[in-house]
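Asks: Got chain A; can you put chains B, C and D with the ligands on it based on the hints?
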Amino acid sequence: MEGGTEMKVMTIVQAITDAIDIKLAEDPTIVTFGEDVGVEGGVFRATEGLQKKYGEHRVFDSPLAESAIVGSAVGMAMNGLRPIVEMQFCGFVYPAMNQIISHAARIHNRSRGRYKTPMVIRFPYGGGINALEHHSESMEAMYGHIPGLKVVIPSTPYDAKGLLISAIESDDTIIFMEPKRIYRAIKQEVPEEKYSIPIGKAKILNEGTDITVIAYGAMIREAQKAVAMAKKDGISVELIDLRTIYPIDKQTIVESVKKTGRMVVVHEGPNTFGVGAELTAIINEEAFLNQEAPVVRVTGFDTIVPLPRGEHHYIISPEKIYYGIQKSIKF
Amino acid sequence: MEGGTEMKVMTIVQAITDAIDIKLAEDPTIVTFGEDVGVEGGVFRATEGLQKKYGEHRVFDSPLAESAIVGSAVGMAMNGLRPIVEMQFCGFVYPAMNQIISHAARIHNRSRGRYKTPMVIRFPYGGGINALEHHSESMEAMYGHIPGLKVVIPSTPYDAKGLLISAIESDDTIIFMEPKRIYRAIKQEVPEEKYSIPIGKAKILNEGTDITVIAYGAMIREAQKAVAMAKKDGISVELIDLRTIYPIDKQTIVESVKKTGRMVVVHEGPNTFGVGAELTAIINEEAFLNQEAPVVRVTGFDTIVPLPRGEHHYIISPEKIYYGIQKSIKF
Amino acid sequence: MFKEYSPLDDKLFQVMDNDGKIINPDWMPDISDERLQKAFKDMLFARQADLMAVSYQRQGRMFTYPPNFGQEAISGGLAQVMRDQDWLVPAFRELGAWLAKGATLKEVFLYFMGYEDGTVFKNAKNITPISVPIGSQLIHAAGIGYAVNYKKEDSVVYAIIGDGGTSIGDFHEALNFATVWNAPVVFVVQNNQFAISVPFKKQTRSINIAVKGIAYGMSSIKVDGNDLFAMTRALREAEAHAKSGKGPVLIEALTYRRGAHTTSDDPTKYRTKEEEEKWSITDPLDRLRKYMVAQKLWDASQEENLLAEYKKEIDRQFEEAENYPAYPLDDVFRHMYVDITDDLKEQKVEHEKFLKWKEGLK
Amino acid sequence: MFKEYSPLDDKLFQVMDNDGKIINPDWMPDISDERLQKAFKDMLFARQADLMAVSYQRQGRMFTYPPNFGQEAISGGLAQVMRDQDWLVPAFRELGAWLAKGATLKEVFLYFMGYEDGTVFKNAKNITPISVPIGSQLIHAAGIGYAVNYKKEDSVVYAIIGDGGTSIGDFHEALNFATVWNAPVVFVVQNNQFAISVPFKKQTRSINIAVKGIAYGMSSIKVDGNDLFAMTRALREAEAHAKSGKGPVLIEALTYRRGAHTTSDDPTKYRTKEEEEKWSITDPLDRLRKYMVAQKLWDASQEENLLAEYKKEIDRQFEEAENYPAYPLDDVFRHMYVDITDDLKEQKVEHEKFLKWKEGLK
Ligand SMILES: Cc1ncc(C[n+]2csc(CCOP(=O)(O)OP(=O)(O)O)c2C)c(N)n1
Ligand SMILES: Cc1ncc(C[n+]2csc(CCOP(=O)(O)OP(=O)(O)O)c2C)c(N)n1
Ligand SMILES: [Mg+2]
Ligand SMILES: [Mg+2]
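Protein chains in written order, with this note's numbering: chain A, 5 to 335; chain B, 5 to 335; chain C, 16 to 377; chain D, 16 to 377.
Only chain A is shown next, with the shape it has when bound in the complex (with noise of 0.2 Å):
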């Protein structure tokens, strides 16, 4: 950012909150809805104050039905609206799978054009928060693989603002999965202004010579451990985080690992048909020459993350992707 612009300490969901604010008090034809939504403010606060500045009309509580509140803003987006609507948690956006996948993604390309559904729905996904069941998935390679859709996941206070008001503000579905495991772990100055960040765009966050590192969401603060442990031993790890999960910005990673020649990918989300596979495809397509390794899938089990007490078999720790890292560099 410029110099000279002010600036504020926020956690991710305070971030995500300004955001929000930010575009309200901008464009009249925002509106943002879900349970809990209005008076509580959200059951992670991510809406908090925002009924009593903006009224009832504009930040409101839904009846307990996510078909319908999905479905209800693609109704208001074909007639002028930008919704945002909040799911409460990634395990409870299935039942609007069909509004999502049916036509919060279609109709625009159904109408050729004439509609379009500029809205925002936004959820917090992953697990590490001793959460019952249906409270920690990761399901972003599902929503990546559906014809219509963006999906963006910020890991920083800078980034969730930024990429929350990209997503604001595209007349494209945007799903935007926020890292709920670090929405208070992590402060940061964040520009009080409006600012965007592109969606579609991978960041370098550590520039390395030995191996690529792709990870995003609360991963990246794991990944970042890892990267200070392989540093250590001498390894010097170029580490991006991905932020949008499609499209996939393969150029940057292309690049990368034409550098590095190693490729290790982070998620928490099930390993079959994952993310990791699709990079791995993207890499074998682009750099085969240049691999000096297989790509290496650091990831969640192909099985349901576990209740709190099994957790910690499930969940990635900085030892788990530096064993990843290893596993490459000494192949």
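No lab work stands behind these hints, which were simulated from the structure alone. Just so it is clear, CB atoms sit at the ideal spot from N, CA and C, and this is done for glycine as well. Treat the hints with caution; some may be incorrect.
Claimed, not checked - Okay, the calculated bits of chain D under chain B, using three or more residues with CB under 8 Å as the criterion:
# : segment
1 : 124-134
2 : 161-167
3 : 175-188
4 : 304-312
Stated by the list, open to error - Restraint-style ranges between C-beta atoms, simulated for each label pair:
# : chain 1 : residue 1 : chain 2 : residue 2 : range
5 : B       : Asp-175   : A       : Leu-293   : 39 to 49 Å
6 : A       : Leu-293   : B       : Lys-205   : 28 to 38 Å
7 : A       : Lys-56    : D       : Asp-99    : 47 to 57 Å
8 : D       : Leu-376   : A       : Glu-259   : 47 to 57 Å
9 : B       : Gly-59    : C       : Leu-322   : 43 to 53 Å
Stated by the list, open to error - Straight line, CA to CA, 27 Å or less: simulated BS3-like cross-link-like pairs of lysine-lysine:
#  : chain 1 : residue 1 : chain 2 : residue 2
10 : C       : Lys-360   : A       : Lys-120
11 : B       : Lys-334   : C       : Lys-363
12 : D       : Lys-363   : A       : Lys-334
13 : A       : Lys-120   : C       : Lys-166
Replies: What follows is chains B, C and D with the ligands alone, placed relative to chain A:
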């Protein structure tokens, strides 16, 4: 099959009816239902004649509600039945996603094995029949990514019968996807008696030495044409029918690619996060040093399947598969 | 009216009987003679187009088509109330309503010939595309209605669904959201007694569909959907209700799908000729014709000439549709996003490379 | 009873008033003194366990817990009707019902401490695991009920849901399937007036929840859910109805969630102390105690001793749960399938390799 077995010429859809018929006759805990499944015998006639034979309690129409069809099957399974449910098209499964992901795939794990869900969710998938929107989808990768499901796709009448019998006899929840484009296009001699084909095993349809082509469902027929084209040009293709999308038969695939050094994956569904990506990742992990060229993905676009007049752009021709083979060979 | 015809009593709101006699003059809607003549002609045209669509399909000139035969008075009623600023949120069996809203027959043909272009309805204001996933469009109607209130527009949203569609969760959620939001939506259930092969009595044990409104505190009524006057009057009352801020209305329009579900369906598998004949007596066009002839508003002897004219026009539009330009490759990609992705651009380029290569093969 | 208390009149079925006086003796259920004493004790125990669960959680000894405080008479009523062969299909706020069905408190604690083992309820017959996705379990109940009919079993299925849950599509589909199938299911809606922070009046415009049964032709009734006698009687009538092949029943049990939604919720954000106090007068245990003391069936002075005993027992079970063995890695994998996949076996082996390597790091 052993000699002496009575054989009958069947289409895929007849083989499916036959499998259900045999199991209904044999096991009184089996029921089958869904929209138009009873009197009508299904819109594709997969349950034709079965209501007359087994009565309305075992073969019946349900109200129009996919979530309830799948969810009530989960309940029936918990109370000792073995339901087979039909979803009318792959594009109409979405209202049932929550019941599939949150329950059918999970009850066994959630109850630590106390309850099983021995049920089959079967539906036609794929394009090429000049259908309306939502009638041409291929979402196998999405189901494969969901922990707790197994996903099976037959490509011939023989396999359809043997795999469906295995699916019905399995104590797990099976997603059984039927290539409707070739429901009636292929006729084959099929044993009249009961037999089963193991879930999770791919089949080598054609041995070859230069390149491995992996396909399934309706794409097998197209791939076979491509294999013939390649043969003319002196390329020896090993053609593998994947048969099961999850769990993937890694062994057969990896062994083949270790031999041929090259792989082309063919599927109708969207490319990104599709089955091709996972197969590439497997090869990259398990046969990296044998890979002589990047894996080539010959797949659907990341688009909605166009309406009939545009579908020829989308659909995969033998030529396109052969183009993929060439691309790999010439790498 | 919603009090007089409480769905709890399972009374059917009718104005005209099967012989075209006005049996309920108190509720006769006010329609001018010209308007009525136009309504009849439009229904006649829609029926003719529908019959011809089925025969085009039989000739292999169209892929699949869902007949409207016997259900024309529902669309006919909608035509009486829909204004430009009102929304029509259809399913897929609303030929007359599409045309009334400004869609062209050519577009409808294009759609069922396999072009997305056919569901853009580009000259029709405020109409959503044909919606195939059963029930899902009703929720859009609730959202559109929310936006109507939000923007303080003077619009009513007409959302259409079939009897089978009342079983799916989205029906419930849509009606609930619409009432909670006081959205100006008129839900019209075309109860044509079948969901493909499944008869209405297998869908639900409720005494009728209109009573389902009670679950949402919604005003609702069961109407003879083959009676243009009853449909018109009920829709007008519903319109007034919705516009006055009293919230949505549910109209069950009782009718009968005289044709097949679609051209790929064979109803003889699941219903009897007797049943079909029984219902043919209630045919909406026949009834209206009887009324109009009796009122000297219609001269049945002219009908043949008119039909000949219609046939020509329908053929003309069909042929125009048949001569529609080929579906360009670009159309597969370009509408997927407002802001198209590099991924899609690459996939298109790669496909074009293949096409070039394929050319070389020959 | 379903006629006398038609939900259309929005009459609340009560037997006992807030002072423990029987105001509706005609409908007083037949319960022996011993049974009643046991019922009261069980409710007392459940409440004590519930309060202690909240405090264990505050001490950081449990992850999250959904309080039942104020809703005990609903589970108490279920305890009067559920037999071994009957099914209980719960959501997640049915402590008393779980215990009545044969679950142990230790198991419940285990679940909310983060062990799937806690929802196996291995000594409870015919109980489904705790179900978190709102509304989805009701459909299982319909399916279980279908199987009951199919196998000609003598079982009733009791399915539980909250007021918020009545908004989701699965509620609608479940009630519809159950009636169409004539399944012996008793649906009990715990209308505790809140779905987390959202008050019931924002969920729907229907006059009450019980009327929603009309949409399915289902017998239904609105019951004072804080009145053990009313709940018991309504459940018995529903049981008889379901068993006699007349199909399912919908019971709206009006109550109030006196505690927080879960231990991570703060109700002061969205409701007033006054409202809470108003509802405290209807507390199900207080009312029952008053009745029993008046009938000389209960000596309130003993209660303290009893509670002390209960506290010990609850602590004991909690400590047992706290000493539960560690969650083995194998448990993450082994229940995923009956027939486990090679893929999962490999993932486990690979993870074990990593663990060994990690050991070596230190
Ligand atoms: C969610 C969903 N499930 C299944 C289908 C397949 N299908 C198309 S039309 C139809 C029956 C619809 O019946 P009804 O709602 O009565 O409308 P009608 O066809 O009679 O106009 C079905 C099951 C679908 N389109 N969408
Ligand atoms: C499908 C779904 N959406 C959202 C949630 C998150 N959630 C958990 S409890 C709850 C409120 C439930 O309210 P109600 O049905 O009244 O039951 P109560 O908690 O009052 O017992 C919500 C929204 C969920 N579990 N499932
Ligand atoms: Mg119908
Ligand atoms: Mg509640």
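Asks: All hints are to be evaluated individually against the structure, with a verdict given for each.
Replies: Against the structure, the hints:
1. 124-134: holds (count 3)
2. 161-167: With 5 residues close enough to chain B, the hint holds.
3. 175-188: Held - the segment 175-188 of chain D has 3 residues with a Cβ nearer than 8 Å to chain B, which meets the minimum of three.
4. 304-312: violated (count 0)
5. B:Asp-175 - A:Leu-293: 39 to 49 Å: holds, 47 Å
6. A:Leu-293 - B:Lys-205: 28 to 38 Å: holds, 34 Å
7. A:Lys-56 - D:Asp-99: 47 to 57 Å: At roughly 53 Å between Cβ atoms, Asp-99 (chain D) and Lys-56 (chain A) fall inside 47 to 57 Å, so the hint holds.
8. D:Leu-376 - A:Glu-259: 47 to 57 Å: violated, 32 Å
9. B:Gly-59 - C:Leu-322: 43 to 53 Å: Taking Cβ atoms as reference, Gly-59 (chain B) and Leu-322 (chain C) lie about 48 Å apart, which means the hint holds.
10. C:Lys-360 - A:Lys-120: OK: Lys-360 (chain C) and Lys-120 (chain A) at ~20 Å, within 27 Å.
11. B:Lys-334 - C:Lys-363: holds, 21 Å
12. D:Lys-363 - A:Lys-334: holds, 21 Å
13. A:Lys-120 - C:Lys-166: Holds, at about 18 Å.
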